[in-house]
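Note that the protein sequences, when read in sequence, are chains A and B.
Residue numbers are given in this note's numbering: position 21 of the first sequence equals residue 21, and the series is strictly consecutive.
Residue numbers are given in this note's numbering: position 312 of the second sequence equals residue 312, and the series is strictly consecutive.
Honestly, I wouldn't trust all of these hints.
As the list claims (entries may be wrong) - Distance condition first, Cα-Cα at most 25 Å in a straight line; then the derived DSS-like pairs of lysine-lysine:
no.	chain 1	residue 1	chain 2	residue 2
1	B	K66	B	K80
2	A	K284	A	K408
3	B	K281	B	K155
4	B	K86	B	K100
5	A	K282	B	K80
6	B	K57	B	K100
7	A	K340	B	K253
8	A	K340	B	K252
9	B	K98	B	K128
10	B	K86	B	K98
11	A	K408	A	K282
12	B	K128	B	K80
13	A	K57	B	K128
14	A	K341	B	K252
15	B	K281	B	K252
16	B	K155	A	K284
17	A	K370	A	K353
18	B	K128	B	K89
19	B	K155	B	K80
20	A	K57	B	K66
21	B	K57	B	K80
Said to hold, decoys possible - If the Cβ cut is set under 7 Å, some of the chain B residues that face chain A in the computed set are:
no.	residue
22	T30
23	L34
24	Q36
25	G49
26	T53
27	L208
28	H209
Derived by calculation from the structure, the hints in this document are not laboratory data.
All residues carry an ideal CB built from backbone N, CA and C; glycine is no exception.
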Amino acid sequence: MRENLHRFFRAARGAGVHVSPAESIDAMRAVAQVGIDDRAILRDALLLTLAKSQDEKLALGDCFDLFFSQPEPRQDQPDADSDDEASQDTDQSPSPASEGEAGGGQPRQELGPLAQMLLSQDRNAIQAAMANAAGAASLSDIRYSTQRGIFSSRILDAMGLQRLRDDLDGLTATNPALAERLRAALDALREAVRDTVSQGLALYAREEAENLRNEILRNAPLARIERRQVAEMRALIRQIARRLRERYSKPRKRQRRGHLDVRRTLRRNAAWGGVPFLTAWKRKHRDRPKIVALCDVSGSVAQVSDFFLLLIHSLHEVVDDVRSFAFSSHLIEVSETLEKKSPEEAMAEIMSKVGFGSSDYGSSLVDFEKDFMSTLTPQTTVIVLGDARSNNLDPRADILRRISERSKRLVWLNPEGRLAWGFGDSEMPRYATFCSVVRPCATAQQLERAVSDIVATYQ
Amino acid sequence: MAEQKASTSIEAVESGLAAQGYIASRQIATAVYLSQQIEKPILVEGPAGVGKTELAKAIAAWSGKKMIRLQCYEGLDEAKALYEWKYAKQLLYTQILKDKLGEVLGGAQTLHAALAQLHDFGDVFFSKEFVEPRPLLQALEHPGGCVLLIDEIDKSDAEFESLLLEILSDFQVTIPELGTVSAITPPTVILTSNSERDLGDALKRRCLHLHIGFPEQRLEERIVESRVPNISQTLRRQMVGFIHEIRSLDLKKLPSVSETIDWARVLVLLQASELDTEIVKDTLNVLLKYEADIEAAHPQITTFIAKATRSNVFG
């Protein structure tokens, strides 16, 4: 049973439930207490000890049902079995008759264990043999659907397929009827093994496949992401947003402690004649995060801006004061659109208003200075997201200087790699002089790091 | 064999809690049984008013132990939760003992010798007598064990959570001046949370995680039966059915078990024999706590009553 539980823990990890060694020990202890005979109680006990949230409980419950339904895959076979059963009865009589009374049991003895098992229709023994073989073939290591074939054949080999084939060859010559039956039983066995492997795949491979996909997605360039991956990417961005929220929404108190507040300390300790038993501390002033984001939505940068805006606007708990502006040839404010509509609708609307033009950083900056310069305060972080390719128009770096002077920090995120900066019509080096930080931001991972750093400066 | 024992013990827990007026589902009973067997705290999560705090009270009443409650709030720190030094007493004693100081230091000629003599007396002012135990320490020191309820842990700060870790895993606390205080009898610890914020993994790992949601219709009927015994069976079924219909709406705050019980009491008080549109309209404010929710539920009342009555007939 312990072996089975360990396999279940692996399956649980596959289902996305975090099972640490300590938790598995607890689960073992719990199972030792409640026993394993009552499945409903076992399920409750495992859910109580392993799952740590409602989502995990659901996932683990499904996983439990799948895992412990394992003995069932042969359920779809009773038809075949009962046919066999029937044929067995009819077969039974002619075969001894043809070979004589004494030789009746003889061919059976010569057969390998697997053949005997299949012929005697000992379902439990077959089940046990299959489970053992699955263990021997380390089915729990299965990771990809392409491995199904190799695992099936490994399990069959471990069960003694080779011997069975020899038996089959021998029988075809001596006893065709029996051989026919054995062949049918073998087909049924193959099917059962295939089911077992598929189930193993469903149980154990989920985590790995998901991790791999996420890992690839995190490092894929946002600008060249395929259409079908956009939804997955949005989910990933939401995940990132959740992580950042958890990290930054509860600022640590200790960090805020400043100098000793002498006046309050004296007042508080008046009862003890001013001997400072209780100390009072001043709090360091911390700015509330204020972010102004200027996003280029032209051409190839659009997709990155989309994800960036989604991320910034999902951080409500951490940064409640965000104003976003989108531009390509001219600049508009888009905060409200993003707040009120779903990400897809909002992006479509923004695109229809300003998107797909050729970018003109100079005139966009002029627009910003004219209408929105007053939004900048010394607490504001200004983030500009764009490739700084201004189609050889006047970059108006002087406006960027004034923006930089008015704000706390000016961060430039560039979806292009560092190598490309300054080549062709890229104005990056000219803008970079006025920025506090310039960093490349082509993948979800870089995006996360960039936003995380920005928020961290307010902690 | 083990199964026989376990399932009967779980049933015993269930009936024991029922005797205290707490109708537990099998999951809850299993959690209580397991927490006693493997000595782990239970972390209870779920919406407000499904009986998380009641569970702790029922366990205390059932096992005949004292319940010590620690209500969490933002800014709760160890001085209020764990222990505090009695500063005033310490100060008073130093004043009183000032005269004794001369005697103690009588023979010492040099400052160094006096200091050495003082050291021999040890930390008299940081001994057990000057510790003011707060709920957590009380729970550990309580002879014969007790039920410790740490209520609404999600309201406290993250630091406080870390403070709890030592208590939850080893049932001990370390006071720097005194050393480690271990529990004589490990208390039964229940933590409740409204999921206002996500708790740390370290805390969750140390607990059995129990989620109490809204109960099934049958179970809720039994709860109402045990809490409001003088309500008629038809009305009980009808009102529980009605509440289940209400919960299917998209509301700000869904009515939970405590609201069901309140409503049952109100209906008994108004001597209603069965639900009708008038009485529901008049008493809807017992169930729903937001004006917007009441407005959303208003047009549905008649259909819901009809549905509840119909299911009553067939169920």
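Comparing the hints with the structure gives:
no. : hint            : in the structure
1   : B:K66 - B:K80   : holds, 20 Å
2   : A:K284 - A:K408 : holds, 17 Å
3   : B:K281 - B:K155 : violated, 35 Å
4   : B:K86 - B:K100  : holds, 21 Å
5   : A:K282 - B:K80  : holds, 21 Å
6   : B:K57 - B:K100  : violated, 50 Å
7   : A:K340 - B:K253 : holds, 23 Å
8   : A:K340 - B:K252 : holds, 19 Å
9   : B:K98 - B:K128  : holds, 21 Å
10  : B:K86 - B:K98   : holds, 18 Å
11  : A:K408 - A:K282 : holds, 24 Å
12  : B:K128 - B:K80  : holds, 17 Å
13  : A:K57 - B:K128  : violated, 44 Å
14  : A:K341 - B:K252 : holds, 21 Å
15  : B:K281 - B:K252 : holds, 19 Å
16  : B:K155 - A:K284 : holds, 24 Å
17  : A:K370 - A:K353 : holds, 19 Å
18  : B:K128 - B:K89  : holds, 12 Å
19  : B:K155 - B:K80  : holds, 15 Å
20  : A:K57 - B:K66   : violated, 32 Å
21  : B:K57 - B:K80   : holds, 22 Å
22  : T30             : holds, 4 Å
23  : L34             : holds, 5 Å
24  : Q36             : violated, 10 Å
25  : G49             : violated, 17 Å
26  : T53             : violated, 19 Å
27  : L208            : holds, 5 Å
28  : H209            : holds, 5 Å
Checked against the numbered hints above, the structure breaks hints 3, 6, 13, 20, 24, 25 and 26 and satisfies the rest.
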